[in-house]
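Please assemble the complex out of the two chains, which come individually in their own frames, going by the hints.
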Amino acid sequence: MKPDFEQFKDIPGTTIFTIELAREGFWLNQFCMSLRTEENRKRFHADERNYLDEWKMTEPQKQAVLDRDFQKMLDLGGNVYFLSKIFAAEGKSYVQAVSTMTDMNVEQYQQMMIDGGRNIEGWRSKKERGEA
Amino acid sequence: MARITGGVTTSHVPAVGHAVDAGKTQEPYWKRMFDGYDFSKQWINDNLPDVVVLVYNDHASYFGMEIMPTFAMGIADKYGICDEGYGPRPIPDVEGAPELSTYLAASLILQDFDMTILNVLDVDHGLTVPMSLMFGTPDKWPVKVIPLPVNVVMNPQPSGERCLSLGKAIRKAIQAYPEDLKVQVWGTGGMSHQIQGARAGLINEPWDKKFMDDLVNDPENLQYKPHLEYMIEAGSEGVELIMWLIMRGAMGDKVDEVYRFYHVPASNTAVGHMIMTPKE
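Chains as they are written, first to last, in this note's numbering: chain S, 1 to 132; chain R, 1 to 280.
Read the hints as simulated data drawn from the structure, not as lab findings. Think of the CB as a built atom: it goes at the ideal place given N, C-alpha and C, for glycine as much as any other residue. Any given hint could be a false lead.
[To be verified] Negatives, chain R to chain S, calculated, CB over 12 Å:
1) GLY36
2) ILE44
3) LEU108
4) VAL153
5) GLN175
6) SER192
7) ASP218
8) GLU220
[To be verified] As a list, the in silico PhoX-like pairs of lysine-lysine whose alpha-carbon atoms are at most 25 Å apart:
9) R:LYS225 / S:LYS9
10) R:LYS168 / R:LYS209
11) S:LYS92 / R:LYS24
12) R:LYS254 / R:LYS279
13) R:LYS225 / R:LYS182
14) S:LYS9 / S:LYS127
15) R:LYS41 / R:LYS182
16) R:LYS225 / S:LYS126
17) S:LYS92 / R:LYS31
18) S:LYS92 / S:LYS2
19) R:LYS24 / R:LYS140
20) R:LYS254 / R:LYS209
21) R:LYS41 / R:LYS31
22) S:LYS127 / R:LYS225
23) R:LYS225 / S:LYS2
[Unchecked claim] For each label pair, taking beta carbons as the anchor points, the in silico distance ranges come out as:
24) R:GLY136 / S:GLU107: 30 to 36 Å
25) S:THR37 / R:LYS210: 41 to 47 Å
26) R:TYR29 / S:GLU38: 25 to 31 Å
If we strip away everything but chain R, and leave its shape as in the complex, we get (with noise of 0.2 Å):
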């Protein structure tokens, strides 16, 4: 049977990937970042799945305002990398697991989740930058993936409830699935940032702090935050953090939290990383 191993929260943020493309990861201003991950790539190394279920938002990069689904799920072979306004990264396309998702996204579907099917997706910074932050430059990406676009660029988005009980059903989806793989779930974006107006820049880390202690201890309180709470509090664009409670869903009633990592800034974002494992 298919188990789920583990998971994975990280922010998104595109200039990780720029640095990453023109090899500035040991420049000052992005190293104390970038060896906030040397953990979790020799983890993942380790603990290698077959499949990551990644949970991330476009940005405006394949999606227009044309069709905007609340939750998709990318059911194709292959994805490619999204031409952002300067030309796409130069980074190997990612396999898709197209057994797995569609049977993922059909599981779903009967769970009362009401999923976008994507035979044809490209994937932007939301899903390649933590893909480049756990597996660094490789020539092929050592792990299929199976792309769940969330909207959480207009709102309203889909509440933390809905993203918590999203998690759960993958979950169950996942362990009733006959063949015998390795699955994590990642949940990307976040933490607190403002990427507009007067109020741009907007740091807040004890909230965010709090965020990470919650998602560990208190999903099922930490699932009822307004997004009013998100937008004054983390910024407005630090709603993206409900994408983190889909992964904690998936891991089930107790985790083991083995790895946190917090740093500010990179560009105009906290960057917040965690890895846990569901309790067996």
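Chain S extracted, bound-state conformation (with noise of 0.2 Å):
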């Protein structure tokens, strides 16, 4: 059986974590399992740039964990478990730093999920948004 991972591109505002992109993440999921200690939490915050240039990343990786950019992290193969260890190491909740990928601010999207959480109507497919 041939692996079917196109069939995911569709699901808008989506990031699979597929084997393929495991692999491309490996190192930037293994620096965020490094900070399952105390140790590494306090030399990481004490110098992100030095700690990250401890692990075999690659540049833009790196600066997508400088600038905390959570959806650039899932591009480049990190997978939303490893990164929360980032968040977590902070004081941050999963609202908190999920709701920085979203276009709400998170007042809004706490709200909306107390609301009930987002109507998956017209979130389906890119195709039908006219995304793709």
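Written out as structure tokens, the structure reads:
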């Protein structure tokens, strides 16, 4: 059976963490895993650039981390569960971090969730939305 | 002989763990959700199993991308609590069921499920949040646990058919175990949620409710639902729901639905929770 990763690309505003993307993001995600100890969190926060240079990440991956550009990190092979170590280490919640990837601020996003979440209508297909 | 006495499904949102640990369960944002588990705490107290086979996924807390097992099973005496970036949750370690889990892992391999064997494992919110929801904040957990981590992080994930079949194989193995033990199987994760990208925050209540109906009444068809549908309709992380199929497979053909609860939101997620028992 031939894997079909193309089928995921029509889902709007969504990056599916495939085995291919996982390979591209390996070192970015490894860096994230290193933040599971307090010692490493301290070292990272003390000098982020220096700490990132210890990992075999690409320059765009490092820059995306420095910018806390989570969408960019996803595009470059990061996965949100790995990336959560970056924002968790800063005392931020999933809601706070995830909202930065949407067109809402955190208050608007939180209100949307309390009101029942994002309605799926209009969010099923890029083709339907005229994005592809 | 060992018996499967019940099945539980529940979401395992990390923020729920924070709310428990920080004593916020009675705050307005959380109260309605936690109230939804009052029945369950009483039920499990009245129907306490000896062992829970707890199907969950690790969230890059113990497994990185160095090793990514599709199906794994803990066979240790004890499981520590992961540091997920903010220090470990202040909860008791989880006691294993070494004899039963060793037997179960061996039986599953012989039934063609190539389990990765975990003699060492720390568990994350995927396992501990369901424990907190069902048992509250005891000094010691009242059951032994067999962790069964499933890869739902990296695509491809195991198919729905494979998950339902794994549940059936668990049932077969448990029913052939000579010791008189009561065993529950829990399937965790879901329901609809997406925690990434411009589409984050997606919730699809009608789809979730249909999934619950089908899980009870029509698992033989539900198993064929393609992952693409989970991703589109229930969000990129909604695919965790395949783990509920493992629980369902372990219940046998027919079940009695004991309890159902649905609530939006917990953090970014629709919380779904069910209790069912095998129909005798």
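* Of the hints given before, which are not true for this structure? -> 4, 6, 13 and 18
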